[in-house]
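Visitor: The residues making up each chain are set out below.
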Amino acid sequence: MDGNLNMIGYGLAAIGPGIGIGLIFAAYINGVARQPEAQSRLQTIAILGFALAEALAIIGIALAFVL
Amino acid sequence: MSAGFLAASGDTFTPPGPGDFNLPPVGPDKTFTFLGQEMYLGVTKPMLQIVIFAGLAFAFLYLASRHRAMVPGKLQYVGEASYGFVRNSLGRDIIGSHDFMRFVPYLVTIFFLLLFNNWAATIPFIQFPTFSRTGLVYGLAAISWLIYNYVGIKKHGLLGYIKLQCVPSGVTGPILVLIVPLEFFSNLVVRPVTLALRLFCNMFAGHLLLILFALGGEYLLLHGSLLVKPVGILAWVLFIAVAFLELLIQFLQAYVFTLLNAMYIAGAVADEH
Chain W
588 MDGNLNMIGY GLAAIGPGIG IGLIFAAYIN GVARQPEAQS RLQTIAILGF
638 ALAEALAIIG IALAFVL
Chain S
165 MSAGFLAASG DTFTPPGPGD FNLPPVGPDK TFTFLGQEMY LGVTKPMLQI
215 VIFAGLAFAF LYLASRHRAM VPGKLQYVGE ASYGFVRNSL GRDIIGSHDF
265 MRFVPYLVTI FFLLLFNNWA ATIPFIQFPT FSRTGLVYGL AAISWLIYNY
315 VGIKKHGLLG YIKLQCVPSG VTGPILVLIV PLEFFSNLVV RPVTLALRLF
365 CNMFAGHLLL ILFALGGEYL LLHGSLLVKP VGILAWVLFI AVAFLELLIQ
415 FLQAYVFTLL NAMYIAGAVA DEH
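If you read the sequences in order, they're chains W and S. Numbered according to my numbering, the first sequence spans residues 588 to 654. Numbered according to my numbering, the second sequence spans residues 165 to 437.
Note that these hints are calculated values from the structure, not bench results. Be careful, since some hints might not be right.
[Unchecked claim] Distance windows between CB atoms, simulated:
hint, chain 1, residue 1, chain 2, residue 2, range
1, W, Leu650, S, Trp400, 29 to 35 Å
2, W, Phe652, S, Gly200, 17 to 23 Å
3, S, Val331, W, Gln622, 32 to 38 Å
4, W, Asn617, S, Gln201, 46 to 52 Å
5, W, Gly598, S, Gln201, 28 to 34 Å
6, S, Gly237, W, Gly609, 38 to 44 Å
7, W, Asn617, S, Ile287, 37 to 43 Å
8, S, Pro288, W, Gly598, 29 to 35 Å
[As the list claims (entries may be wrong)] Now the stretches of chain S that chain W is said to cover, found in silico as 3 or more residues with beta-carbon under 8 Å:
hint, segment
9, 355 to 362
10, 410 to 423
[As the list claims (entries may be wrong)] Only some residues are given here: those of chain W computed to face chain S with a beta carbon under 10 Å:
hint, residue
11, Ser627
12, Thr631
13, Leu635
14, Ala642
15, Ala644
16, Ile648
Treat the numbers as computed from the prediction; the structure is a model and nothing was measured. Cβ atoms here follow ideal geometry from the backbone N, Cα and C, with glycine treated the same way.
Please model the entire structure based on the sequences and the hints provided.
Guide: What follows is the structure, given as structure tokens:
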């Protein structure tokens, strides 16, 4: 079985954004459960946070192919 | 272990890679060398797609807004709902009700361009995400960078704008030595790069995943031994499931790209506190 060490590195690097995205949506669900009328306001913020955390995973996958 | 199962039946599996995105041109097959890389000279599939799907987005919005009946038909309803979604949740809520209408044409254009082009990756027989080519996303990010810097400089003046972007309100003292270069780097230099890479990598990775499931399933089914054939069928089932997940991601990326554009514009035209 052959492969590339980059991919293992990327797998490890993806743990961080994974945890981050989990925390963001946990906070979002908590917020909506406590105050359902704030959903539309929280949704934008949650998706923005998701996009920013995901950027790390995305940059990782780019570098996994490039390096 | 799995290699042992597979090697029993001859030819080897070549995993998909970035090379799969290098489609040959539609017309004559000429090449030239640029910076040591061999490039195709001619019109390629992503180029055709961006023109066709920009046309389709225009046709959709034009047809939806042509009659403007008091009681909307189905098409008009869909058009108005999607336009209202971009205008209200992306324009008004983020840029603020004072001067968001100036930017709504740009936001609506970029949202529908991205949405139609991203969904092209799921339409059978087209199945190629236009923005999985870096050249196109860098272009979009450059437009975004020019727009938010232009409106910011126009409103605050060059020095005022740089101060607004580099000095966070409420920060004083020696910590500024650390904060100002960081903020300058992150707000004015890296922003367009991450904006472009986010869209590109999502489309690229999603398409790569679909190729992997399709080719891997085919390989396991046709070349694998009897024990791994069911895994090939499982891979195809997963292919369909991932394709539906991709539909969601494609929408979300169009939304996020427009959202970030709106946030950058909002940050550039914000009043100093």
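Visitor: Check the structure against each numbered hint from earlier and tell me which ones fail, lowest number first.
Guide: none
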